[in-house]
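> Here's the letter readout for the chains.
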Amino acid sequence: MRMALKALLGVAALALSASPALADPAAGKKTFTAKGCGDCHYTDGPAKEKTIADQLTKKGPELWYAGSKFQKKWLGAWLEDPKPIRPMKFNSLTEKNPGDHPKLAGGDAKNVNEFLMSLVSKDVKAGVIKPKKAAKGRLIFTKKMPCTGCHQYPAKKRAKYKGGNSGPTLVGAGKRLNPDWIYAYLKTPKIFKPVKSMPVFAGILKDKDMKNVAQFVATFK
Amino acid sequence: MMKSANAILAGLTLLGLASWVQAGALAADAETTFKFYCAQCHGLGGKGDGPNVTKNFPVSPRNFTNAKEMNKLSDADIKNVVLDGGPAASKSPMMPPWGKTLTGPQVDGLVKHLRKLCKCKGKQG
Numbered sequence: 001m002r003m004a005l006k007a008l009l010g011v012a013a014l015a016l017s018a019s020p021a022l023a024d025p026a027a028g029k030k031t032f033t034a035k036g037c038g039d040c041h042y043t044d045g046p047a048k049e050k051t052i053a054d055q056l057t058k059k060g061p062e063l064w065y066a067g068s069k070f071q072k073k074w075l076g077a078w079l080e081d082p083k084p085i086r087p088m089k090f091n092s093l094t095e096k097n098p099g100d101h102p103k104l105a106g107g108d109a110k111n112v113n114e115f116l117m118s119l120v121s122k123d124v125k126a127g128v129i130k131p132k133k134a135a136k137g138r139l140i141f142t143k144k145m146p147c148t149g150c151h152q153y154p155a156k157k158r159a160k161y162k163g164g165n166s167g168p169t170l171v172g173a174g175k176r177l178n179p180d181w182i183y184a185y186l187k188t189p190k191i192f193k194p195v196k197s198m199p200v201f202a203g204i205l206k207d208k209d210m211k212n213v214a215q216f217v218a219t220f221k
Numbered sequence: 001m002m003k004s005a006n007a008i009l010a011g012l013t014l015l016g017l018a019s020w021v022q023a024g025a026l027a028a029d030a031e032t033t034f035k036f037y038c039a040q041c042h043g044l045g046g047k048g049d050g051p052n053v054t055k056n057f058p059v060s061p062r063n064f065t066n067a068k069e070m071n072k073l074s075d076a077d078i079k080n081v082v083l084d085g086g087p088a089a090s091k092s093p094m095m096p097p098w099g100k101t102l103t104g105p106q107v108d109g110l111v112k113h114l115r116k117l118c119k120c121k122g123k124q125g
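Chains as they are written, first to last, in this note's numbering: chain A, 1 to 221; chain B, 1 to 125.
Treat the hints with care, as some may be off.
[As the list claims (entries may be wrong)] Simulated pairs of lysine-lysine, BS3-like, Cα-Cα distance not exceeding 25 Å: (1) Lys-125(A) - Lys-48(A); (2) Lys-119(B) - Lys-136(A); (3) Lys-50(A) - Lys-119(B); (4) Lys-91(B) - Lys-119(B).
The set of hints was computed from the structure by calculation and includes no laboratory data.
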């Protein structure tokens, strides 16, 4: 009797783990298409942008390497409750971000999260960058290079943040971005964003300093 | 004789037209380049009032419509600071280095665009 019950429970557990109620990338891909996400985001790499005009006609950021760029926990929560990332409206220098990004309900968000996290780039090596609040990274970010001119970052004093508005906020970058992607993006920016209004720092910063600054950005809360 | 002269004339006109159209396209390109890369800080009209310039921005980005200031710079000075950034001209690092981002012709176009904005020729020689 005991044995039979155990076996039955085992079967039930197995059935549960295979049930479609659990997150599923294929279902996520369907939802992504059905909800019109693909109208504003492309998910097939490599990068398609060749000219400034190509970049300016995009209605949203490219997502073909989302699984290498984002942290899964952050992405799942953001899809359900999106908060502005760019202070300015996408591709605008005059209008503020309206904060009207489409939301997904819990189950859909889980599936789309699985789908987006399955989109990875072979050009992001794992385990190279560990978050590190070190003086070298800080010096590059806040003094030697103009990073703060275009990016908000966490401030200690009264204000919650400081910095410019034309780039995505880096407040919370330590939870949002994969530290290894930050470094890969600085080192080989053209693979991910061939046309962008951020300067190319590869060849200006030494490899070691790109690592230092990536480690520093990865600590931003 | 007459015919070939006409043909040459037509050819020359076409050539002239082509280079005129090309110059127009280049100027339009320079404006697009300026608005995409430089306007973030210097403003769409070049007045130093882009969206990055908030009250805690440490230095004012150059106002390109100020002929008096812009006349202190030669074209070579502009090129130098655009390629290598503020520190190359003992200016603030908030002016980024664009040498690995922009092509030679893009930088030349930008110099011309800045001259259009200041309506000035700059320091000669």
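> Look at each hint and say if it fits the structure.
Hint check:
Annotation: proposed proximity of Lys-125(A) to Lys-48(A) holds, straight-line Cα distance about 22 Å (limit 25 Å). With a CA separation close to 43 Å, the supplied pair Lys-119(B) and Lys-136(A) exceeds the 25 Å bound. Proximity of Lys-50(A) to Lys-119(B) is assessed by CA-CA distance (about 32 Å); at most 25 Å being required, the pair is judged violated. In summary, the hint linking Lys-91(B) to Lys-119(B) is supported, as the alpha carbons are separated by about 23 Å, within the 25 Å threshold.
Hints 2, 3 from the earlier list are contradicted by this structure; the remaining hints agree with it.
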